[in-house]
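Here the protein sequences line up with chains V and D, keeping their order.
For what it's worth, numbering that gives the first Met the number 0 labels the leading residue of the first sequence as 0, then goes sequentially.
For what it's worth, numbering that gives the first Met the number 0 labels the leading residue of the second sequence as 0, then goes sequentially.
If you're looking for bench data, these hints aren't it; they were derived computationally from the structure.
Treat the hints with care, as some may be off.
[Claimed, not checked] So, partial list: chain D residues that the calculated Cβ filter (under 7 angstroms) puts toward chain V: (1) Met0; (2) Tyr2; (3) Glu8; (4) Pro9; (5) Arg63; (6) Thr67; (7) His78; (8) Leu79.
[Unchecked claim] Covered stretches of chain V, going by a simulated chain D footprint (3 or more residues, C-beta under 8 angstroms): (9) 10-18; (10) 41-54; (11) 62-71.
The structure displayed is predicted, hence computed values, not measured ones.
The beta-carbon is built from N, C-alpha and C at its ideal position, and this holds for glycine as well.
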Amino acid sequence: MTQIMKGGQPFFIPAGSTGCLLLHGFTGTPNEMHWMGEYLNGRGFTVLAPRLFGHGTQLADMYRARWQDWAASAEDGYYLLKGSCDKIVIVGLSMGGALSLLLSSYLPVLGVIAMAAPYEIHDWMVRRLRAILPILSLIYKSRAKGPSGIFDPMAEQVHVDYEGYPVRGGYELQGLLAEMRSGLPRLHKPLLLINSKLDETVPPEHAQAIYDTVPASDKEILVLEEGGHVIPRDLARQTAFKAAGDFVQHVTSGSG
Amino acid sequence: MSYVRAGAEPFFIPAGETGCLLTHGFTASPQEVRDLGAHLAQQGLTVLGVRLFAHGTKLEDMNRARWTDWLGSIEDGYHLLASQCARIFFVGSSVGGSLSLILATRFPPDGVVTLATPFHLPPNPRLKRLKPILKPLSYLLPAIAKGPPDWHDPRAQDERVAYTGYPLRAILELERLLAAMRSALPKVHAPALLMHSKNDRFIPPEHMPQIYERLGSADKRILWVEDSSHVITCDAEREVVFQHVTAFIQRIVASQSEGVRDEPVA
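This is chain D alone, in the form it adopts within the complex (with noise of 0.2 angstroms):
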């Protein structure tokens, strides 16, 4: 027994100096980023996975939760990472994305990644009906299903460890958290990449630019893959998302060691 689903656990891996706080997205689980981690480790990279407040136990839990729980939950996994780490990268997949922009306006990081991290809520006209009475409704009807998924990699379902069904009362607080982002995006300095899919069925690829204008960095880039839905870290092209975070991370942690190499010697 364990409150705590089995592939669900948050994870850490020891290695060097620089570290890398991984966090998953809105119903997904650790889970979503531990092959990334798993990739980013072997590297010689410190990962920490955090797992994001009423995740990973029970639906029902999720329409407990306020947004700014789970940045609280972000914190948590920056604060124990900063203190083994003198770097620190923050990668969030969707809105775990969103989350690592946000936290990024309060602690810096070295640099940030997003996958699939949508600009706002996709808009839904069923959903907009029922807005008004969401908090309400939640009570009767805590979530609804979501549709089949669409893996480009269709083995990526057998792992994945994620709610089967939308929170209603949470979708509020999605909202919320967006905006938030939203307004933190021109306050974020630091180097970015940005990756989405084409193909994404759930956010739509134009969510991608939207972010990437408004981002204040001046060292920031998008890439593209396409052989992928929503979940890029997970589905058919993951390797080449691994390899490119890797890559970003290299770079950016080069031209700092180059940087002090600048420096004259005493």
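Next up, chain V with everything else stripped away, as it sits in the complex (with noise of 0.2 angstroms):
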């Protein structure tokens, strides 16, 4: 009997005493960041991906999640990855990044990678709806995907995830952007932020708002000329996994 999906599994992978905590997207899986965990992997950092409750399962165990669940699953993380590593950087796509910075106001980490992070929902039914959605989601739980965005046939071929978005999740989703947000002015960690200039689900301007809301003076924002939303997947991945290699060199090399 096994509960997580092939691709739904969390990886570890240990290697120096500097650490890279690597948190999926939403209806994701580790899946996601495993091409970016072994880049970094390769550069000497120990990385590890949590996954995030109700991710890797199946798609209803998403009804049943709240924000704060993905929050400690990603403590859960952190606290894992503290046990090999002294110095660690939180590196998050999408709603894991929301949750990288969201982690990186209160815990001890020495920087924070932000890929696609979104600042806040722009989709018009969870904006809309989002006071009656837990109720909504009672009886209409799920509605179906489009297509993934990712522009590398290749990767598009080996994605894991849901086929469809939790409607409750959206719900969850503005609960968590907007703890994240009141979180935003107490970061004072160096801060890279790498969106993708054709990702139609989180555009470059959210990077923008979060780099104009962050107090730290160390900040940064990349943005790639090609592939989609999902970054560590597309095709300008590799441009994005030198830029955080070299980011974290840089955050961890200093004293000690």
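Two chains, each in its own frame: build the complex with the hints.
The following block contains the structure:
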């Protein structure tokens, strides 16, 4: 008996005492972060990607998920990684990026990388129906996903995620983003935001809004010309990986 | 601030090639197996203590949990540990032992240790009458208070990080989990060590022989302690428990490496 789908398993690749906590996105799996994890591990960093609650099993599990569960799963990953690393950088994609920013506002990490992290939800349904979503989601539990938005056909083929969006999850995402936004003014850690110009889900304007809110002095936005929302799987991933590797090197190479 | 309560964090202590996956019990937290983990790590074993879903956060979270979520949590721990260790042992306290046995049918470990693991839910006449309405009732009454602690070592209570009540809805899930464990028992073939206290006031000691009899393992043994109540990893005889768990793991590891030595040298 197994609970987790193939590709949905969390992963841990030990190396040095600098660790990268890799957080996947909404309805995604740790698999999204795997190539990036292998790259960062190749540069001598220990990497750990937790499975966020309700992900990598079956879509129905998402109906019971609250955003605090995702924050707790991400924290679990942090505490496990801390067992083998004394310097930690959090790296997240999309909702995982939002979690990275939230956790970095209260955990003693050395830096944060957020890829395609949303500042707020633009989806009309989620925004207009917010107040009734918890009730609505009892009847209207999920809705179909559009195309994945991955430009790389090879990556598109091996993408592991749910086939639909949980309606309740839209409500939870808003809760998470509200919490993230309230944490941003306390974020003084070095920050790298990576976005794709062609990302239709979370366009680069979101990065600008996050950038403008964060008081950190060491902050940067990298806009990729190729690929879409799922940055660590798409066409410009090598550029993103290299920038992330350099950033981790830079923020952890100080004293100690 | 933190969403996981202080003291309830999962833990990982890297050491040798042999890894131990430690799992806590129902309504408890990784704190329940943290000292055991520290002891095993001192013996050169890599240890990973998982936090089961909805544990170590808020009691209300428990009523959203399904037993398969807990299986998912322990499976997560397995995958993380397996990437680091060639040999893996499962060690579970109470219901953590039940989850270890279920997981053992899917990912056979080198050995499994269950500590005060229940065979079924202890009969509770009050609960039996409520059972048909437990689900709707859980919306009005999310949890019932636990009885007074009955530690043989009262200091264990000071360090305890656990919920103070039993979540009603989750009791149904516990029942399903234990049913899954009972059907898993004959399919478990890993060497097994079972421990229980004769003075367990919560899970009667008779549960251990019931598990033992149905377990498919050829190499299986039971060990009793006496001066403890249910949570034997934290109670008065915890050091004895730690030593028996260590000895069990070291025996299996030694027999495996002997097996390697027996092979003809080319």
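Results for each hint:
1. Met0: 5 angstroms, holds
2. Tyr2: For Tyr2/D, the interface hint holds, since the closest Cβ of chain V sits about 4 angstroms away, which is under 7 angstroms.
3. Glu8: At 4 angstroms from the nearest chain V Cβ, Glu8/D passes the 7 angstroms test, so the hint holds.
4. Pro9: 5 angstroms, holds
5. Arg63: 5 angstroms, holds
6. Thr67: 5 angstroms, holds
7. His78: 4 angstroms, holds
8. Leu79: OK, holds: Leu79/D within 7 angstroms of chain V, min 4 angstroms.
9. 10-18: holds (count 4)
10. 41-54: holds (count 4)
11. 62-71: holds (count 6)
Of the numbered hints stated above, none is contradicted by the structure.
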